[in-house]
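Trainee: Sequence:
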Amino acid sequence: MDRTAYLQQIQQTIENGTFKNNWESLSQFEVPQWYKQAKFGIFIHWGVYSVPAFESEWYSRNMYMEESPCFDHHIKTYGKHSEFGYKDFIPMFKAEKFDASEWAELFQQSGAKYIMPVAEHHDGFQMYKSEISKFNAYDMGPQRDLLGEMKQAFEERDLVMCASSHRAEHWFFMSHGKKFESDIHEPLKLGDFYWPAQPEPDHYDLFGSPPNAEFLEDWLIRTCEIIDQYQPKVLYFDWWIQSAAFKPYLKTLTAYYYNKGIEWGAEVAINYKHDAYMFGAAVPDVERGQFADLKPYYWQTDTAVAKNSWCYTENNEYKTSVEIIRDLVDIVSKNGNLLLNIGPKADGSIPQEDRQILLDIGNWLNVNGEAIYGTTFWRIAGEGPTQIVEGQFKDGETKSYTSEDIRFTVKGSNLYATVMVYPEDGCVKIQSLKKDSHHFTGLIEKISILGFDEEVSWERTEEALVLQTTTVSSAVPVVFKMQLD
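According to the numbering used here, the sequence shown is numbered sequentially starting from 1345.
Accuracy of the hints is not assured; some may be wrong.
[To be verified] The calculated lysine-lysine pairs, modelled on DSSO-like cross-linking and capped at a C-alpha distance of 30 Å, are:
1) K1825 x K1778
2) K1639 x K1773
3) K1738 x K1790
4) K1689 x K1441
Derived by calculation from the structure, the hints in this document are not laboratory data.
The task is simple: from the sequences and hints, build the whole structure.
Mentor: In structure tokens form, the structure reads like this:
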């Protein structure tokens, strides 16, 4: 690839396009309608780190940290780092059981509408055919264009193809291997797998060890290559792109991508964390967490089926499907989407635990999807005693929902009330819909229960809308559909 020519092409696209590389222009971004209707997507962390399948997807960094469990595990399992380094896992990453069509069928059954494979993680291995580096899945390892196969299979089933890039952190991700005798050593140059392996800044230090222009241009070109080859409808970026050095490159990348979306005739979006973007120029994302209250702007949660890792490991600690369904309901009621991660094995097979969780969610959505897809928020998100702890990395503990916890969504003339824990006595009380409620003073014409034939007995009292059922029993959230006048 002629990098200079490609950079000129990027600039030319921006000069001729609607969006320019400044926040004033990029703030004209609008969240795609398809994305707001989709509500539920699948994230996929799969790569070379799936081979050791130990601790987490950060194995490539942690295996070179001398006091980490990964360091000891690596020596005991594979030998000295100077004799077997991270690069030596690449031939072991074969994806011999990977079937993109089989994945697509499962994801469709899960009820997800958009799919977000990790195109490149912090380890620097590209999961697609690339002209930038030979360290990619087409030239090494599986010797297949994995991202390309996914795109074809997903789009055949009307699943929206997206992609994530975690390349930014590669600036420092392999640096610890320079501190002792390992296979990471100078000289390292552009194009090398471990390059640049610069000193790691503090997690929240946005200015320490700033990436240089050579790395930033490489980041820009790599990301634009993903855009041009696979036309993802959403781009997801992990943390650290909010560091000051990235800002001009980030604005250039965003203008290029948004203009490409116009060129394709497609609505596109970017997911970001922290304050990487000027508010309104992309879609904010909360990693492993939620908002406590309804938000007037659109947002997304990204989390995983496992509490301890984003990739497959042999000791994953899984959430229950009911936990995840309740999170989906809560997030959608607050004007957000849920991007749920799974971790395939190195051979490309999806673990049974991940598979079952996806099928459980799909079964629930088959019955209750009309209260999720294409809905919007009501005057309030919900009611009940359970308070969501707001912020990222807050989903490690199971939320103790009760039968008083109810979440609302709206579509057309229908108001949906989802009861998080269905009461054993079949009596549901919705205080927000009581007589003369300041939230709703209109008329309710009809009430039904999604997935159940029983006619609901109901009455609006001065304390609550009281709904009584006698045959309804469920271990998962139950949705009441109310047709309003």
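Trainee: Now tell me, hint by hint, if it's right for this structure.
Mentor: Each hint tested on the structure:
1. With a C-alpha separation of about 16 Å, the suggested pairing of K1825 with K1778 holds against the 30 Å cut-off.
2. For a cut-off of 30 Å, the pair hint linking K1639 to K1773 stands: about 25 Å separates their Cα positions.
3. Distance hint between K1738 and K1790 is unfulfilled; the C-alpha atoms sit about 38 Å from each other, more than 30 Å.
4. The straight-line distance between the Cα atoms of K1689 and K1441 is roughly 9 Å, inside the 30 Å bound, and the hint therefore holds.
Checked against the numbered hints listed earlier, the structure breaks hint 3 alone; every other hint is satisfied.
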